[in-house]
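Novice: From first to last, the protein sequence lines stand for chains A and B.
The first sequence begins at 1 in our numbering and counts up one residue at a time.
The second sequence begins at 1 in our numbering and counts up one residue at a time.
Among the hints, erroneous ones may be present.
[Unchecked claim] So these bits of chain B aren't anywhere near chain A, every CB distance computed over 10 Å: (1) D4; (2) K19; (3) T26; (4) I30; (5) G72; (6) A112; (7) V144; (8) L153.
[As the list claims (entries may be wrong)] Using C-beta positions, here's what the derived DEER-type ranges look like: (9) B:A167 to A:G66: 46 to 56 Å; (10) A:G66 to B:Y33: 48 to 58 Å; (11) A:A64 to B:E143: 36 to 46 Å; (12) A:A67 to B:A55: 45 to 55 Å; (13) B:A167 to A:P65: 46 to 56 Å; (14) A:A57 to B:E152: 14 to 24 Å; (15) B:T90 to A:A67: 47 to 57 Å; (16) B:G20 to A:E85: 12 to 22 Å; (17) B:E70 to A:P65: 48 to 58 Å.
Hints in this document: simulated from the structure, not taken from any laboratory.
From the three backbone atoms N, C-alpha and C, an ideal C-beta is built for every residue, glycine too.
Listed here are the chains, written in short residue letters.
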Amino acid sequence: MTVELDPAGPAAPPRHNGELVFAAPWERRLFGVTLALHERGVFAWNDFRALLIDEIARWQATAAPGATYAYYERWELALSRLLGERGLIDPAAVEARARELAALPPGHDHDDHDHDHDHHHHDDR
Amino acid sequence: MTEDPAARIGALEAILTEKGIIDSETVERIISYFETRVGPMTGARVVARAWVDAAFRERLLADATRAIAELGIGGLQAEHLVAVENTPRTHNVVVCTLCSCYPWAVLGLPPAWYKSPEYRSRVVREPRKVLAEMGLALPPETEVRVWDSSAELRYLVVPERPPGTEALDEEALAQLVTRDSMIGVGSPRAPGEPESAR
Numbered sequence: 001m002t003v004e005l006d007p008a009g010p011a012a013p014p015r016h017n018g019e020l021v022f023a024a025p026w027e028r029r030l031f032g033v034t035l036a037l038h039e040r041g042v043f044a045w046n047d048f049r050a051l052l053i054d055e056i057a058r059w060q061a062t063a064a065p066g067a068t069y070a071y072y073e074r075w076e077l078a079l080s081r082l083l084g085e086r087g088l089i090d091p092a093a094v095e096a097r098a099r100e101l102a103a104l105p106p107g108h109d110h111d112d113h114d115h116d117h118d119h120h121h122h123d124d125r
Numbered sequence: 001m002t003e004d005p006a007a008r009i010g011a012l013e014a015i016l017t018e019k020g021i022i023d024s025e026t027v028e029r030i031i032s033y034f035e036t037r038v039g040p041m042t043g044a045r046v047v048a049r050a051w052v053d054a055a056f057r058e059r060l061l062a063d064a065t066r067a068i069a070e071l072g073i074g075g076l077q078a079e080h081l082v083a084v085e086n087t088p089r090t091h092n093v094v095v096c097t098l099c100s101c102y103p104w105a106v107l108g109l110p111p112a113w114y115k116s117p118e119y120r121s122r123v124v125r126e127p128r129k130v131l132a133e134m135g136l137a138l139p140p141e142t143e144v145r146v147w148d149s150s151a152e153l154r155y156l157v158v159p160e161r162p163p164g165t166e167a168l169d170e171e172a173l174a175q176l177v178t179r180d181s182m183i184g185v186g187s188p189r190a191p192g193e194p195e196s197a198r
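The whole structure should be built from the sequences, with the hints applied where relevant.
Specialist: As structure tokens, this is what we get:
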């Protein structure tokens, strides 16, 4: 169970014992952050689980037919809600930081693949 | 919202780290634990022990959490582990209909299909059909029991010991126990069957 793969590469249908449990590095990181928060005693696991169930149910109730289910996106939403409810993070601050990170040129810090979404590159390097 | 999930999660981790709530070494240690230390090989040890040691098997079926502690296994959502045994008459299969509850301590993290909406809803409605699609055709006389995991209960299927394995020791038997067989969607390997066959 290693995750040393090209996140942009084709994902083989997960069937076997040796399959990767994380489809992308960010999923792996999100999992680790969540468990670290739990280990630190920030929340009881069942509190997180309740929100995860809620976010999964919400997707199932609202997803367009044929939409791709992304489990760790549900997980992310659940964790963000939990941390927001506990007053531990300000969603706006996370979003602002995320924009900064997303605007960094490829190869800078978080190992980037192609960014194909809209953002503004800083050209003043 | 920023569309790049890597940037969103990176931002979340950075802010939590700056606040001193988590640190990157802890995050890395936890991830590494799940990637290298826990996985189906742990559950396979439990099943192989149950196959060779009837008294252990009884203790496992009576109180799985306590029994796996004898093997030094525990924590990680194994607090309420229940072992369910397959027999020629009964086949057990595990699901978490609401989210993705899974016995991490014995099986590691769940495979993608276990978390999928399709598996979660269909295996309850039409388990026999889902199992057949996954390559496990059960005789019509076999009763299928579907166990829905919850916050309180996590399930480990103890598959039937394959025929022709009388001469194998515990370690060799453990090699035959697949993850899928411990979820109940597959069978253990037959002796000599290559790993890629499951």
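Novice: Determine for every hint whether it applies to the structure shown.
Specialist: Comparing the hints with the structure gives:
no., hint, result
1, D4, "violated (5 Å)"
2, K19, "violated (8 Å)"
3, T26, "violated (5 Å)"
4, I30, "violated (5 Å)"
5, G72, "holds (20 Å)"
6, A112, "violated (4 Å)"
7, V144, "holds (21 Å)"
8, L153, "holds (13 Å)"
9, B:A167 to A:G66: 46 to 56 Å, "holds (51 Å)"
10, A:G66 to B:Y33: 48 to 58 Å, "violated (37 Å)"
11, A:A64 to B:E143: 36 to 46 Å, "holds (38 Å)"
12, A:A67 to B:A55: 45 to 55 Å, "holds (51 Å)"
13, B:A167 to A:P65: 46 to 56 Å, "holds (53 Å)"
14, A:A57 to B:E152: 14 to 24 Å, "holds (19 Å)"
15, B:T90 to A:A67: 47 to 57 Å, "violated (37 Å)"
16, B:G20 to A:E85: 12 to 22 Å, "holds (20 Å)"
17, B:E70 to A:P65: 48 to 58 Å, "holds (49 Å)"
Hint compliance for this structure: hints 1, 2, 3, 4, 6, 10, 15 are not met, and every other hint is.
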